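Q: Here numbering that gives the first Met the number 0 is used: the first residue of the first sequence is 0, the next is one more, and so on.
If you're looking for bench data, these hints aren't it; they were derived computationally from the structure.
What you are looking at is a predicted structure, and each value in this text was computed from that prediction instead of being measured.
No residue lacks a Cβ here, since even glycine has one placed at the ideal position from N, Cα and C.
Among the hints, a few may not be true.
[What the hints assert, rightly or not] Derived Cβ-Cβ restraints for the label pairs, each shown as a range:
#1 Arg255 - Val82: 28 to 36 Å
#2 Thr181 - Arg30: 45 to 53 Å
#3 Arg21 - Thr107: 16 to 24 Å
#4 His79 - Gly218: 43 to 51 Å
#5 Arg234 - Thr107: 33 to 41 Å
#6 Ala32 - Pro176: 30 to 38 Å
#7 His79 - Arg105: 36 to 44 Å
#8 Asp58 - Gln84: 23 to 31 Å
#9 Arg209 - Ile70: 29 to 37 Å
#10 Gly228 - Gly254: 46 to 54 Å
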Amino acid sequence: MPEGHILHRLADQLTTAFAGRRVAVSSPQGRFAAEALLLDGHTIDRARAVGKHLFVEFDDERVVHIHLGLIGRMTVEPPHPVVGQVRLRIATEAYVADLRGPQGCRLTGPAAEEAMIARLGPDPLDPQADPERAYDRLHRSHRPLAAVLLDQSVLAGVGNVYRAEVLFRQGLDPLLPADDLTPAQWSRLWADLVGLMAEGCRAGRIDTVRPEHTPEAMGRPPRVDDHGGEVYVYRRAGRPCLVCGTPVRRRELAGRNLYWCPTCQPER
DNA sequence: CGAGCATGGTGAC
DNA sequence: TCACCCTGCTCGA
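Whenever a hint applies, use it, and build me the whole structure from the sequences.
A: Have a look at this one:
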């Protein structure tokens with residue numbers, strides 16, 4: 000689940016539910032119990048997301064830094080009993096936020112928060128973000144473009160799905176050396192990410208298929224992706240490209256699955 | 001019911 | 001480049 004759009008959505012949900020409110024904090028599973036005790040009964044200022052990092056800021060200079068990792072999840076819902084392994088629970092009479100399986104959940108402060116953010120590249124979901132900062136890094140790297148897009152110190156918030164999909168939509172070969180990307184290509188890629196991720200944040204899922212390429216528009220039977228959104232190539236290896244019908248390819252790159260259409264994203 | 005896998009990242013070598 | 005972490009889901013026996 001968690002690419003940048005999910006974390007920004009969570010930050011919004013947490014802020015709406017808890018900003019300015021005293022909250023009960025606990026760790027039913029126990030691994031955050033000592034920290035939870037320190038926070039219990041305190042007031043939350045706001046929650047903030049940068050890239051895939053989530054910061055829950057309390058009114059007394061305490062910050063909970065959360066990183067969901069690959070399998071972590073957080074939900075904000077009406078009150079309900081604890082089910083399964085809950086690392087962190089934040090609750091009022093009206094809302095309960097449950098954190099499960101995070102890669103990291105640490106109690107820190109504003110200085111550590113700023114230091115963490117300083118190590119991240121620009122985030123397409125941040126209206127103040129400066130895409131030039133990312134291009135400066137990107138166009139000096141010989142690594143494949145697909146590898147650089149996942150480097151959070153270059154670009155913050157993009158994960159495996161957005162990587163595959165934005166490269167497809169831009170017709171770019173994933174293995175293109177990053178330093179071959181022109182400023183105009185980067186500009187279009189960034190703008191596309193901004194639009195896709197904003198929509199993903201709003202919808203809570205990743206949809207990347209343009210209206211003219213939906214199965215309905217192409218005169219094909221409707222299909223269902225097994226991860227909640229409509230996409231061109233992510234996890235569609237061996238199935239026909241929605242645009243040209245060529246089987247979608249998959250390979251491993253730096254330990255992550257990479258998907259692309261060899262026809263729509265030709266080498267050059 | 002166990003194995004394998006996943007939209008991520010770290011630390012050791 | 002690899003082992004490993006964390007949880008929950010799916011798939012095959």
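Q: Take the C-beta atom of Thr181 and the C-beta atom of Arg30, compute their distance, and say whether it sits inside 45 to 53 Å.
A: For Arg30 against Thr181, whose Cβ atoms are near 48 Å apart, the range 45 to 53 Å holds.
Q: With 30 to 38 Å as the target window, see if Ala32 and Pro176 comply at their CB atoms.
A: 49 Å, violated
Q: Taking 46 to 54 Å as the hint, is the beta-carbon distance of Gly228 and Gly254 inside that range?
A: Violated, at about 23 Å.
Q: Check the following: the C-beta atoms of Arg21 and Thr107 are separated by a distance inside 16 to 24 Å.
A: Because 21 Å falls inside the window, the suggested range holds.
Q: Is 23 to 31 Å a correct range for the gap between the Cβ atoms of Asp58 and Gln84?
A: Roughly 29 Å apart at Cβ, these two residues keep to the hinted range, so it holds.
Q: Taking the Cβ atom of Arg255 and the Cβ atom of Val82, is their distance within the range 28 to 36 Å?
A: 31 Å, holds
Q: Confirm or reject the claim that Arg209 and Ile70 have a C-beta distance inside 29 to 37 Å.
A: Between Arg209 and Ile70, where Cβ atoms are some 31 Å apart, the hint holds.
Q: Does the beta carbon distance between His79 and Arg105 stay inside 36 to 44 Å, or does it fall outside?
A: 26 Å, violated
Q: Can the suggested window of 43 to 51 Å be confirmed for the beta-carbon pair His79 and Gly218?
A: The hint (43 to 51 Å, Cβ to Cβ) holds, given that His79 and Gly218 are roughly 44 Å apart.
Q: Is it true that Arg234 and Thr107 lie within 33 to 41 Å of each other by Cβ?
A: 35 Å, holds
In the structure shown, a violation is registered for the earlier hints numbered 6, 7 and 10, in ascending order.
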